[in-house]
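> Each chain, letter by letter, is given below.
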Amino acid sequence: MIGSDEKDFIRGGFKADIRSDGRACNDSRPLSLSLGDLQPCSGSARCTLGSTDVIVGVKAELGAPLPDSPDCGGLHITVECSPCAGPTSQGRAGEALSFELAKCLERALNAHPSGRGSALDLRALSIVSGRTCWVLCIDALVLACDGSLLDALSIAVRAALQNTRIPLVEVGATEDPDEEPELELDDDPANAKQVDVSRVPIIVTVCQMDDAFVVDPTAREEEAAEQACHIAVMPTGNVCGMFRGSGAAVTPFALQEMMSLAQKRGPLLLQAVGKSIASAAMSMET
Amino acid sequence: MAWRENASVKYEEHRRPDCLFQGETRLDGRGYEMFRSVFMKTGTLSKAAGSAYAEFGNSKVMAGVYGPRESDRREAFSEDGRLRCDVKFTTFALHTRKASFSQNDEERDVSGQLLATLEAAVLLHTFPKSNVDVYCLILESGGSDLAVCISAASLALADAGIEMTDLVSACSVSRVEGHLLLDPTADEAYEEDGGLLLAYMPQASLVAQVVMTGKWDDEDVTEVLQLGMGACSQIDAYMRQSLREAMSADSTQ
Numbered sequence: 001m002i003g004s005d006e007k008d009f010i011r012g013g014f015k016a017d018i019r020s021d022g023r024a025c026n027d028s029r030p031l032s033l034s035l036g037d038l039q040p041c042s043g044s045a046r047c048t049l050g051s052t053d054v055i056v057g058v059k060a061e062l063g064a065p066l067p068d069s070p071d072c073g074g075l076h077i078t079v080e081c082s083p084c085a086g087p088t089s090q091g092r093a094g095e096a097l098s099f100e101l102a103k104c105l106e107r108a109l110n111a112h113p114s115g116r117g118s119a120l121d122l123r124a125l126s127i128v129s130g131r132t133c134w135v136l137c138i139d140a141l142v143l144a145c146d147g148s149l150l151d152a153l154s155i156a157v158r159a160a161l162q163n164t165r166i167p168l169v170e171v172g173a174t175e176d177p178d179e180e181p182e183l184e185l186d187d188d189p190a191n192a193k194q195v196d197v198s199r200v201p202i203i204v205t206v207c208q209m210d211d212a213f214v215v216d217p218t219a220r221e222e223e224a225a226e227q228a229c230h231i232a233v234m235p236t237g238n239v240c241g242m243f244r245g246s247g248a249a250v251t252p253f254a255l256q257e258m259m260s261l262a263q264k265r266g267p268l269l270l271q272a273v274g275k276s277i278a279s280a281a282m283s284m285e286t
Numbered sequence: 001m002a003w004r005e006n007a008s009v010k011y012e013e014h015r016r017p018d019c020l021f022q023g024e025t026r027l028d029g030r031g032y033e034m035f036r037s038v039f040m041k042t043g044t045l046s047k048a049a050g051s052a053y054a055e056f057g058n059s060k061v062m063a064g065v066y067g068p069r070e071s072d073r074r075e076a077f078s079e080d081g082r083l084r085c086d087v088k089f090t091t092f093a094l095h096t097r098k099a100s101f102s103q104n105d106e107e108r109d110v111s112g113q114l115l116a117t118l119e120a121a122v123l124l125h126t127f128p129k130s131n132v133d134v135y136c137l138i139l140e141s142g143g144s145d146l147a148v149c150i151s152a153a154s155l156a157l158a159d160a161g162i163e164m165t166d167l168v169s170a171c172s173v174s175r176v177e178g179h180l181l182l183d184p185t186a187d188e189a190y191e192e193d194g195g196l197l198l199a200y201m202p203q204a205s206l207v208a209q210v211v212m213t214g215k216w217d218d219e220d221v222t223e224v225l226q227l228g229m230g231a232c233s234q235i236d237a238y239m240r241q242s243l244r245e246a247m248s249a250d251s252t253q
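Top line first, the protein sequences correspond to chains A and B. So the first sequence is numbered by the UniProt record's numbering: it starts at 1 and just counts up by one. So the second sequence is numbered by the UniProt record's numbering: it starts at 1 and just counts up by one.
Misleading hints may appear alongside valid ones.
DSBU-like mimics (lysine-lysine), calculated; alpha carbons at most 30 Å apart, straight line [claimed, not checked]:
id, chain 1, residue 1, chain 2, residue 2
1, A, 275, A, 103
2, B, 129, B, 98
3, A, 103, B, 98
4, A, 264, A, 103
5, B, 41, B, 88
6, B, 98, B, 41
7, A, 15, A, 193
8, B, 88, A, 103
9, A, 7, B, 129
Computed footprint of chain B on chain A; a stretch qualifies when at least three of its residues, placed anywhere within it, have a C-beta under 8 Å from a C-beta of chain B [said to hold, decoys possible]:
id, segment
10, 89-100
11, 233-241
12, 246-255
In case anyone wonders, no lab produced these hints; they're calculated from the structure. Owing to the predicted nature of the structure, the values given are computational and were not obtained by experimental measurement. For glycine and all other residues, C-beta sits at the position ideal for the given N, C-alpha and C.
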């Protein structure tokens, strides 16, 4: 909770294009990524964006596909907000926030039951049609919350998926098609499959205050701004998701403005993410 | 499961249609940019401060608004009023029976989105320190449920005399095989590769909620938003009509 005077101060900063931490409206905070921190997971990534800190673990498990989509693998996304992350993530409000964040990530990946229009190719996760498939469990933990949570989460999810190695499975031949085929797991990491993340989007949060648009807002700025919009952008710059955050209603014009701003920011941010991943991979090797 | 085999009525699974189009029309005979038959009525619950019933084809929703009133649980102090939304599916709303009465994930999701939408429209400072509760019951789920809930809830809020920026009307659009289908049925929404939910206040020209999924090209985004806003204006007209009807019915009594 911030008072009205502080709100006015922050809003004044938006208008003057200089924010309380010295950034211009278009600047984002320093981003750092580390990969493979969680040993028990098939892939993991930790992302810090300013003082927002999230960690994502991906586990690949063997499961059964849904009866509606026998040729698709599964995807589970959960988000947990640590109660020490900030005042918004405590108690019942924290549960609601976690649920909302998970739903937003799910929508951005658009893992539709029919498998159509998905950012992740769920078909590649199928092992035996209608019987066995890989289920990717994406579990995110918010360690510290200082605004732009969805941005940090989506970057970490993308990086963790890129870091994920799925073991190769060999399906034994069976004579009877009704019989359960034998599965053989190849635990050689050199043979493991990677997940195709070329279509996985990142989410850009844009705040609006009158005619100023602000990217990568801190928690205080999010509270002071009139409204926020979360826009999922693909590496190509295409919009693949849009969710209005909390706050007042928004004009269609502002919506378009926010979208085009996000479309410019998204690919830039992805480049920064790519560099971070490359340097993280380098440091892991040495 | 034993009871299924013993049941006198054979359990039938819902079969999804193989093709959603018949020539240039949809399976129910609609054009791509047409609503299902719409029916809306206010003042359907006598105990509630305001209420509404909305029916879009097979999607049937009852909405009741209670308050402004004291909160029934302890909550942090808030200068503004507080809005609470609860959406429930009946156990028979879907093809598969809902297993338990407790809130499931879908209900939680729909409730949260309804709340976010209405909070953008309701003037919360007009009922300081008190609560307004909005309850929606989805009697039958036939697709575009959230959109129907939003329209019904805002109609019920208007019926209760809660001040809002404007009536909120909502619609869903699904993109199936490159066609933009307005007000999709559940089967159509299942086949979508991109979707939009838009809650719009046409008189104030403000967007109260937008949820977009799937990959969209720049021109398509503009096109689908235009389609959504136009469609919401149609719903807005229906809503105003039903409010006027309720008013004239009251005055003749």
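> A separate judgement is required for each hint: does it hold in the structure or not?
Comparing the hints with the structure gives:
1. Simply put, residue 275 (chain A) and residue 103 (chain A) have alpha-carbon atoms about 28 Å apart, close enough for the 30 Å limit, and the pair holds.
2. Taking the CA atoms of residue 129 (chain B) and residue 98 (chain B), the gap is about 36 Å. The hint is violated against a cut of 30 Å.
3. Annotation: proposed proximity of residue 103 (chain A) to residue 98 (chain B) holds, straight-line Cα distance about 21 Å (limit 30 Å).
4. The hinted pair formed by residue 264 (chain A) and residue 103 (chain A) meets the criterion: a straight-line CA distance of about 25 Å does not exceed 30 Å.
5. Between residue 41 (chain B) and residue 88 (chain B) the alpha-carbon distance is near 20 Å, which keeps this suggested pair within the 30 Å criterion.
6. With a CA separation close to 27 Å, the supplied pair residue 98 (chain B) and residue 41 (chain B) stays within the 30 Å bound.
7. Restraint check for residue 15 (chain A) and residue 193 (chain A): the C-alpha separation of about 49 Å exceeds 30 Å, so the hint is violated.
8. As the CA atoms of residue 88 (chain B) and residue 103 (chain A) are separated by approximately 18 Å, the hinted pair is consistent with the 30 Å bound.
9. For the hint pairing residue 7 (chain A) with residue 129 (chain B), the CA-to-CA distance comes to about 21 Å; that is within 30 Å, so the pair holds.
10. Note: the segment 89-100 of chain A has 3 residues with beta-carbon separation from chain B under 8 Å; the three-residue rule is met and the coverage holds.
11. Here's how the segment 233-241 of chain A fares: 5 of its residues keep a CB closer than 8 Å to some CB of chain B, so the rule of at least three is met and the hint holds.
12. Coverage of the segment 246-255 of chain A by chain B holds [criterion: at least 3 residues with CB-CB distance below 8 Å; count 8].
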